[in-house]
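Visitor: Sequence:
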Amino acid sequence: MTPRLIWKEGEAGLQALGGMVDGLRLRLPDGRYVEPLATAPWVEEPDSPSLPGILRSMRGEWPCVPFGTEDAGRLPSGWPPASGVEVPAHGYGSNHDWTVIKENGGLVGEIRYPDDSPIESLRRRLRPANAGIRLELEVLPRRDCLLPIALHPILSLPLKPGSARLNIGPHDTVWSHPLGSDPDPCPLLVDDVSPNLAGVICRDGSEIDLTSLPLAEPAECRVLVPNASGRVTLDRLEEGWQTVLEWNRADFPSLMLWVSNRGRKGSPWNGRHLAVGVEPCRAAFDLGPTISAQSNPVASIVSTAMAFRAGKVWRTAYAVSVRSCTVQGSLSDCRKRAVA
Numbered sequence: 213m214t215p216r217l218i219w220k221e222g223e224a225g226l227q228a229l230g231g232m233v234d235g236l237r238l239r240l241p242d243g244r245y246v247e248p249l250a251t252a253p254w255v256e257e258p259d260s261p262s263l264p265g266i267l268r269s270m271r272g273e274w275p276c277v278p279f280g281t282e283d284a285g286r287l288p289s290g291w292p293p294a295s296g297v298e299v300p301a302h303g304y305g306s307n308h309d310w311t312v313i314k315e316n317g318g319l320v321g322e323i324r325y326p327d328d329s330p331i332e333s334l335r336r337r338l339r340p341a342n343a344g345i346r347l348e349l350e351v352l353p354r355r356d357c358l359l360p361i362a363l364h365p366i367l368s369l370p371l372k373p374g375s376a377r378l379n380i381g382p383h384d385t386v387w388s389h390p391l392g393s394d395p396d397p398c399p400l401l402v403d404d405v406s407p408n409l410a411g412v413i414c415r416d417g418s419e420i421d422l423t424s425l426p427l428a429e430p431a432e433c434r435v436l437v438p439n440a441s442g443r444v445t446l447d448r449l450e451e452g453w454q455t456v457l458e459w460n461r462a463d464f465p466s467l468m469l470w471v472s473n474r475g476r477k478g479s480p481w482n483g484r485h486l487a488v489g490v491e492p493c494r495a496a497f498d499l500g501p502t503i504s505a506q507s508n509p510v511a512s513i514v515s516t517a518m519a520f521r522a523g524k525v526w527r528t529a530y531a532v533s534v535r536s537c538t539v540q541g542s543l544s545d546c547r548k549r550a551v552a
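Residue numbers (my numbering): 213 to 552.
Since the hints were made in silico from the structure, they are not lab data. Keep in mind the model is a prediction, meaning the values are calculated, not measured. Built from N, CA and C at the ideal position, the CB exists for glycine as well. Just to be clear, a hint being listed does not mean it is correct.
[Stated by the list, open to error] Label pairs and their in silico Cβ distance ranges: (1) S295 - P264: 39 to 47 Å; (2) A529 - S289: 36 to 44 Å; (3) D421 - N482: 39 to 47 Å; (4) P253 - G290: 18 to 26 Å; (5) I313 - E429: 42 to 50 Å; (6) G290 - P330: 26 to 34 Å; (7) P370 - P241: 39 to 47 Å; (8) G290 - G243: 48 to 56 Å; (9) P288 - E256: 37 to 45 Å; (10) G290 - E256: 31 to 39 Å.
[Stated by the list, open to error] Below, in silico cross-link-like pairs of lysine to aspartate or glutamate (DMTMM-like), each with a Cα-Cα straight-line distance of 25 Å or less: (11) K314 - E247; (12) K314 - E350; (13) K314 - D403; (14) K372 - E322; (15) K477 - D356; (16) K477 - D394; (17) K220 - D309; (18) K477 - E348; (19) K314 - E223; (20) K524 - D356; (21) K524 - D403; (22) K524 - D309; (23) K524 - D327; (24) K477 - D396; (25) K477 - E221; (26) K524 - E450; (27) K477 - E282.
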């Protein structure tokens, strides 16, 4: 059974598989309980035990150390090649069981990595914070290494196209993924740079507003925002509430967005996964350790790998919370009701 916390403004669990946040429910000032984080629609299905660990019970939020995979296909000119070595997507900790206990009013999860890994262990703590949660992550390196890292919150979305508004704060550019999303549909021009998230350039020369979600058509798109603000909000415009994610931009200077808009048709997705991954990162997209640790186009403007030192614990903290909103047309005036 997943260890859970219940407090006045909410409840949350930390599941063993992946150390993922499970069943986060938070109370708004009007008494409504909302669920800001998504759960994959297949997690209770009979075939789910046969899936890779990260997909088997994918939900909520979890840390990715290292971030990405090593199986990138042929990249455009200017990108270094991937190693092609088969590794667990988003790291060992995303695919295996953690030990989770209740401790001092919070939940604590820990996982030890295999002996041949440069990482010895991960430890994370979840604490209630009014209508939100505060999360802490500790990474203990076994030896010196240079690795991409990320956090992986998956925010739930309403069903109606355009009924949510994503605000990532001030930003200069938005980079589309150098591999695209084939065979899944994505309208974005591959390996391109757009000026802002509200006008990302498409293959046909038009622009698409990735701040207005869900999209009207099925799509599976990944973009990277270098030098991100450290704060993201998602307004549920017709429901009158907002999700807030805050992190230390010195630790995670970029933001990868995964717009999963019913675009993946293969099993277990089957065209039904509707959510947005809002992933603070220090990485070159999700292209894995080999590419992120080398000279690459993103690394020319922002760090894409963390330098860990053997035996020296690295720590970071971040928060997820909800607020109520007064909705006026497509704009929302959100009043802070929760302290992250």
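Visitor: Is the distance from the Cβ of S295 to the Cβ of P264 consistent with 39 to 47 Å?
Guide: 19 Å, violated
Visitor: Given the hint that K314 pairs with D403, does the C-alpha gap stay at or below 25 Å?
Guide: 45 Å, violated
Visitor: Check the following: the C-beta atoms of P370 and P241 are separated by a distance inside 39 to 47 Å.
Guide: 20 Å, violated
Visitor: At the C-beta level, are I313 and E429 separated by a distance inside 42 to 50 Å?
Guide: About 45 Å separates the Cβ atoms of I313 and E429, which means 42 to 50 Å holds.
Visitor: Range hint 48 to 56 Å: satisfied by the CB atoms of G290 and G243?
Guide: 53 Å, holds
Visitor: Measure nothing beyond the straight line between the CA atoms of K477 and E348; if it is 25 Å or shorter, mark the hint as holding.
Guide: 35 Å, violated
Visitor: Check whether the Cα positions of K477 and D394 lie no farther apart than 25 Å.
Guide: 11 Å, holds
Visitor: Below or equal to 25 Å on CA atoms is what counts here, so check K314 against E247.
Guide: Distance of about 22 Å is within 25 Å: holds.
Visitor: Straight-line Cα separation of K477 and D356 no greater than 25 Å?
Guide: 40 Å, violated
Visitor: Is 36 to 44 Å respected by the C-beta to C-beta distance linking A529 and S289?
Guide: Because 39 Å falls inside the window, the suggested range holds.
Visitor: Holds or violated: K477 and E221, Cα atoms, limit 25 Å.
Guide: The given pair, whose Cα atoms are some 37 Å apart, is violated under the 25 Å limit.
Visitor: Holds or violated: K220 with D309, Cα cutoff 25 Å?
Guide: Violated: K220 and D309 sit about 29 Å apart, past 25 Å.
In summary, the numbered hints that this structure violates are 1, 3, 4, 7, 10, 13, 14, 15, 17, 18, 21, 25, 26.
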